[in-house]
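Enquirer: Residue-level listing of the chains:
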Amino acid sequence: MMAVVALGWLVVAAPAAAQQPGVHYLHQGVMPPGAIGGRQLLRGGPLPGYFQPVEIKAPQGALVSLAVAGDFDRPKAAPRRAGFLIGQVYRMRVTNIHLHPGMEVFPTIEVIDRLYPPRGQETRFAIPVELTQEDLELALQGKFVTRVIYLEDPRRALPVAEDPQQQEWFEIGPGGDPLAAADALGRPVAILRMGARLPDAEGPDAQFLFGCPRFVQYPPRRVPPAAATPAEAAPAEAPPAAPPAAPGPGPGGAAPVAPEAGQP
Amino acid sequence: MTKARENAIADERWARAWRLLMVGLGVLILCSCQGPAQQFCAPGAGPPNAAAYPSPYPQLPESAYTGVPPVPPQAQAMVGPPGMEQGVPLPYQPTGPWTPPGIAGPWPQDEYLRDGGDRELPTRVSRDWEVFGLDLEDTVAHYDTLDGRTVVEPSNRVHIYAPRFAAVRKVSAVRADEQIGRAGGFHLATTLLGPTQALPVGVGTQNYQPVGGVAARPPVVFRSRQGDGVVSEALGAVGFHDGLLPFENLAVIRMGTFDEAEMPQLARGINAALAWSHDKAVQVIIDQKAAMGATADQTSPSVYTVGAPPGDPKLRVIKVASTPFAEPGDEVALTIRFDNVGNQVIGNVTIIDNLSPRLEYVADSAQCSLDAQFLTQPNEGDSLVIRCEVADPLEPGQGGVIRFRCRVR
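Chains A and B, in that order, are what the protein sequence lines are.
Letter 46 of the first sequence, counting from 1, is numbered 32 in the numbering used here, and no numbers are missing.
Letter 162 of the second sequence, counting from 1, is numbered 365 in the numbering used here, and no numbers are missing.
Bear in mind the hints are in silico, worked out from the structure with no lab data behind them.
Don't take every hint at face value.
Stated by the list, open to error - Using 25 Å as the maximum straight-line C-alpha spacing, the simulated SDA-like pairs for lysine to any residue come out as follows:
1. A:Lys43 with A:Pro65
2. A:Lys129 with A:Met17
3. B:Lys517 with B:Ala376
4. A:Lys43 with B:Arg352
5. A:Lys43 with B:Ala376
6. A:Lys43 with B:Asp313
7. A:Lys62 with A:Gly162
8. B:Lys517 with B:Trp332
9. A:Lys43 with B:Pro531
10. B:Lys517 with B:Glu323
11. A:Lys129 with A:Gly31
12. A:Lys62 with A:Phe194
13. B:Lys517 with B:Asp567
14. A:Lys129 with B:Tyr564
15. B:Lys517 with B:Glu356
16. A:Lys43 with A:Leu28
17. A:Lys43 with A:Asn82
18. A:Lys43 with B:Tyr315
Fair warning: this is a prediction, and the values are worked out from it, not measured in the lab.
Could you build the full structure based on these sequences and the hints that come with them?
Expert: Set out below in structure tokens:
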């Protein structure tokens, strides 16, 4: 009789127990880079292999370099837009920081979830990752800054207009978990970590660069969203002619090309 | 066979059955663990054959099966050439928007702004026209019928792709070349101390360094700055993009032309009225209006039944948006078309739109094709409830258009 009851319970409860919640209750923001995104891939869905567009914003004049083939590529002015794989960790180098000439900061970005935009609008609706001047200065002071970027729930969003030049953010105190706070406010999609890490004197090694995972680079946005009218912005962000999906070994037919000239 | 041997055989059978039961339960538990199939592929084995290894996600790339994308030998990063001569590489997109099985789009809902319809509590109107149950994002119309009822009609729902992001920041200090060991002992004064005695002050180490100006900011503080208020004039007050939602009918919205296929009930009423208006049929005039027959038998002219047509007040409310996707700061034009598709006059027609917290009404942008009065009042989402009260009653077949603009927050 007990065996029958146990069998019945297992049949009923096993599928429910196997379904994992859509939030990161079991994760913490202090987990090492890559752990949260790696666990997110195990939840299923079309996450592996998807290059989620990300827009890296930085203060005026700052230069951003991405890790390519064991080193950083040529510094480019922010904002930079690139497609990052979910679950991978991307190391950057930020230089030419305002009021801190010669100083460098090495943030990391980990994309832990993706968006599902309409076809052709993938690059227009990229995840914004902001490196603020305050965060960069805190990192230069030796602090460790963690930013969990989340997607707001429209029904619970703060009814204020968003400044296109500055992302809204909350501050949590010591002892708080930024991932749990972001889970309560929306859906976390990316984690920015900054500070407390420097490459070796001989140069960055593979562990510091997290293996230089692949990424897809997009051109910067031509017109800021606030300054462009919808009629003007639409053709500027119109989906370009996508290459055929079959010949390219990369996802979506994005054929890998040789690195830019002058890169290490 | 002795009694002890029989007991031993019985115990052995029970033990064997128990072992089989445990093995079965173990197999069942292992089979019940769900997970993506691709995680069981051996790394480096390459993507399995699609025919031999069917995937629930169509056309996933090779990296979807192994979890580790193959690294090209010449470069570890795909970097676009200057000028993007070969086109901008788009991210991987399967055929059509992906949605989980059994869930209708648009999905996921947190990436879309919704406006329209009557979700959650049904909207009701009291006798003094006070509205109850109007939730955020609801768009309804209510009107009074000839028999004294107040009917509520919701509109369709409009979806606009407009994700918005925010961040949660935490700043902590990092200690280098420091190790925390176990406490080797402690000093605790257990005796009463005299007034002149003092306890030694211990030295403690705090894991998180309180940072001035950062930790003092409470978690509830929200930092934002109002936008510069740039208003796009190129969109136009009445402009529509081509990408309208599938259920929208441009002929009805833009031109107001009625199609009989869209109004079968009204068409049936018209046909019936024409049939019984023939000179040879029985003519019944009530209040200067021709009565319509409810039932009749054309083959037997001696039997006729004449009755008053049942009142069927009906208001159709259709809502469309100018664009299916928008970024914060963009303007979206919303148009509501309402038509009296019933067979009697309706009065006190009022259209109410409870805007989403992400939509900000552009002041003085509302207009109506009929004589109407616009009223606004704040809602619980710090947005506005737009109320349009049509002055004159609507005859059957009569309708109007309301247009207003909103800015995506």
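Enquirer: Checking against the hints above, which ones are violated?
Expert: 3, 4, 7, 11, 13, 14 and 16
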